[in-house]
Amino acid sequence: MKTLADLTPDEQGCIHSITGADGLAQRLAELGFTTGQTVQVVRCAPFGDPMQIRIRGFHLALRRQEAQRVRLAL
Amino acid sequence: MAAATLPAASPLAEPPHTTPPSSSRSYRVAVIGNPNTGKTTLFNALTGLSQHTGNYPGVTVESTLGKFRQDDTQFEAIDLPGTYSLAPRAPDEMLAVSVLLGYGRGTVAPDVILCVVDATNLDRNLYLATQIIDVGRPVVIALSMVDLAQKQGIHIHIATLEKRLGIPIVPVQAAKRQGLKQLRLALRDAVHKPTPPPRPVAFPQAFTAEVDVLTTALTENDRHSGGRAHPTHPAHPALPRFFVERLLIDADGMIERDLARERGEWIRIEAQAARQRLADAGIPLPHMEVDSRYEWIAQVVEQARGTTPPVQQNLQGLQSWQNWSDRLDQIVTHKVWGLIVFLAVMGVTFQSIFAWALPLMDGIDGIFSAIGTWVGGTLPEGPLQSLLVDGLIGGVGAVIVFVPQIAMLFGLIAILEDSGYMARAAFLMDRLMAGFGLSGRSFIPLLSSFACAVPGIMAARTIENRRDRIATIVIAPLMSCSARLPVYVLLISAFIPAQTVWGVVGLQGLVLFSMYILGLVVAPPIAWALKRTVLRGEVVPFLMELPPFKMPAWRVILFRMYDRSMAFLRRAGTIILATTIVVWALSYYPNHDHVAAEFEAQRAAVSAQERHQLERARASVRLRESYLGQAGRAIEPFVRPLGWDWKIGVATLASFPAREVIIAALGTIYNVGSGLDEESLELRDAMRAERWADGRPVYTPVVAVSIMVFFALCCQCGATLATMKRETNSWGYPAFTFVYMTSLAYLGAWAVYQIGSRLVG
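Chains F and H are the protein sequences, given in the same order.
Letter by letter, the first sequence follows residues 15 to 88 of our numbering.
Letter by letter, the second sequence follows residues 17 to 777 of our numbering.
The following block holds chain F by itself, in its conformation from the complex (with noise of 0.2 Å):
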């Protein structure tokens, strides 16, 4: 399934589920990563690693491990 680590800039998804039910998830799903919510890739960082995303109208750095957590619908 197509993760958010596989968007490039300026590219958006659907959010689909977060995999696993750990602290990561959990902090994602409070920050708003909820099932249909729309993101965004805003930009890489200079190494390509971590990715600035927008989400609910803010945005959030993260790197491309936490990223490949997040799976998008179709």
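Please keep in mind that the hints were generated in silico from the structure rather than gathered at the bench.
Don't take each hint at face value.
Stated by the list, open to error - Here are the simulated SDA-like cross-link-like pairs (lysine to any residue), alpha carbons at most 25 Å apart as the crow flies:
no.	chain 1	residue 1	chain 2	residue 2
1	H	Lys-83	H	Ser-42
2	H	Lys-351	F	Pro-23
3	H	Lys-209	H	Pro-73
4	H	Lys-351	F	Phe-61
5	H	Lys-179	F	Phe-61
6	F	Lys-16	H	Val-555
7	F	Lys-16	H	Asp-307
8	H	Lys-197	H	Ile-174
9	H	Lys-351	F	Asp-24
10	H	Lys-351	F	Gln-82
11	F	Lys-16	H	Pro-300
12	H	Lys-566	F	Val-56
13	H	Lys-547	F	Asp-36
14	F	Lys-16	H	Val-556
15	H	Lys-566	F	Gln-54
16	H	Lys-566	F	Asp-24
17	H	Lys-547	F	Gly-37
18	H	Lys-351	F	Gln-54
19	H	Lys-351	F	Val-56
20	F	Lys-16	H	Pro-557
21	H	Lys-351	F	Thr-17
22	H	Lys-547	F	Gln-79
23	H	Lys-351	F	Gly-37
24	H	Lys-741	H	Arg-273
We have chain F; now place chain H onto it with these hints.
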């Protein structure tokens, strides 16, 4: 949807630690909110100069506290760390939960919670707000950034929001001091009518049932465990319902770990079993909580926002503002430009500190030497005159000179933080930090450590992972703090030529910049080694909000400058003063009478011109004969390989409690308080005049750099070590830090002198 209410039998209806209201007492307000909501600006506006760092009752970590009043009602406020949720995973989130619930021995729950909600980010902020209401204390919401929201075309119908949340909401613009009185009135009303608000968000029945089961299990087990247990005197206080909910929702969270440690591992097993039952019933945790809250929020926000289309003019305003922040972001986070801007920002910061503060410093220096001359001329010669002039005025005065620079450094760092640049710097540096086993999160504590390692180490509380946090804390004192600045400035201005290299860059500024870079270069390998050995573990996630750029709030910046300068002055008035008196006494005594008599005789015989030189000679004989001089000569063999004479050695030794003491110690040792020449920076001149027995100057540029490198790498700060002990809850890490930094400092200074003196010749 009707608001779900808790049964009246909730343990929070009668919280165990609340004191009864009376007219004369002070009411406790806990201020909480998401990061970047303007919470600190609001806290500043409310409490003003009453603000200070201290301990909230029952809480061991230091927080910002302050006072304010409305009519006859007095408030004591605590500024809780910014947080996105009350599911505690980092120590500062646990601090917030402990304070809000009054959990822990001696911790008192606040009388009212002030929750700051950012109007431009309503969804995410209301998530925390609904959790806070669930805590079961009176809550007042301060709605911040209303002006910005309006510019963005967001219109919030406050009455609707108030009705749905069941608590008062006051729009504020703290920077413009608007809405503060209404806010204080709302807080006053809330404490005088302390009815806990009903819970807005309803959870599934199956979940509430499991919470009841778990609460019963905790109470039962408590009653049966231990010989002293008794139905009316349980071994532990009853747990608030919100607390048990968190235990259930946050698998392996801080509450579960705390409780399992205190009351036994069975708690983990019970909680996990309950989670499994819920998952089987189609209610997976933690998603149940998040989904319930966000569903509720979506409904409420839709109602409260209404369908008013944004005004065309506002839309343009919004676009220009967004473009401005986005365009700036494009540059400062760009692959190439971003890094150039980063280095330029750092370079300009340090260059400007050097250039701008100098006139002010000269002024302060002039005042102190004038006072020294006056006291020296007024008082009769003797121990008292020497103590006042050489010890206090020469010593402490030499430290106070550096207040302008310290204020400026804190000011510049506060501007970087408040404008939103700091988060970008962390974003840029994350990949690099990951190479050393840390994350961009460690970057902010490290950068704040350039101002002072104490707040830097405290800022590491935001790092969720313990191993990352400790690695950050251990390397934080390597960052060149503001207390090192006086040492650098003194030595650079005296011994590094004021010439330009490559046409534009001042050599002095360049040397200063290199000193700051030194810590940055040394720290990563140490972090890397730690993360490979004692702090080994899996890679930790990195999530960080990048707030929109904004103009810094000048009140916050100025307050920070004032607050930190006062902290520095307090330090000068206590530890530095005490060390200075000790250094003075050791350098003055034993004061042999026969030496004095000899000089008096010579003094009478010579002309006024020669008298000046005689005074110097006398002072130097006295110093050599003193206890300090004796000790100095004993340690001289150890400091000679660094290119130092015994005076530098002794001054360095004296500055282990606080590194800025070296200035005071040198001031005392070189007798600069006696005001030989008011027109110049005396300490500098005295040091320039210092000679070895064979007539070579003691201080050469190489020696100056050797001293600076020692100070750059050494952990000469009692406050840092004490803070480290408090934050890591162990003496092991401060002891390790002290040993590794002192060794590194000695080796570094040795290498500089041995290599440098051979190169220069």
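Hint-by-hint comparison with the structure:
| no. | hint | in the structure |
| --- | --- | --- |
| 1 | Lys-83/H <-> Ser-42/H | holds (9 Å) |
| 2 | Lys-351/H <-> Pro-23/F | holds (14 Å) |
| 3 | Lys-209/H <-> Pro-73/H | holds (24 Å) |
| 4 | Lys-351/H <-> Phe-61/F | holds (7 Å) |
| 5 | Lys-179/H <-> Phe-61/F | violated (48 Å) |
| 6 | Lys-16/F <-> Val-555/H | holds (23 Å) |
| 7 | Lys-16/F <-> Asp-307/H | holds (22 Å) |
| 8 | Lys-197/H <-> Ile-174/H | holds (18 Å) |
| 9 | Lys-351/H <-> Asp-24/F | holds (16 Å) |
| 10 | Lys-351/H <-> Gln-82/F | holds (23 Å) |
| 11 | Lys-16/F <-> Pro-300/H | holds (23 Å) |
| 12 | Lys-566/H <-> Val-56/F | holds (19 Å) |
| 13 | Lys-547/H <-> Asp-36/F | holds (23 Å) |
| 14 | Lys-16/F <-> Val-556/H | holds (23 Å) |
| 15 | Lys-566/H <-> Gln-54/F | holds (22 Å) |
| 16 | Lys-566/H <-> Asp-24/F | holds (23 Å) |
| 17 | Lys-547/H <-> Gly-37/F | holds (21 Å) |
| 18 | Lys-351/H <-> Gln-54/F | holds (19 Å) |
| 19 | Lys-351/H <-> Val-56/F | holds (14 Å) |
| 20 | Lys-16/F <-> Pro-557/H | holds (20 Å) |
| 21 | Lys-351/H <-> Thr-17/F | holds (24 Å) |
| 22 | Lys-547/H <-> Gln-79/F | holds (19 Å) |
| 23 | Lys-351/H <-> Gly-37/F | violated (31 Å) |
| 24 | Lys-741/H <-> Arg-273/H | holds (22 Å) |
Checked against the numbered hints given earlier, this structure breaks hints 5 and 23; the rest are met.
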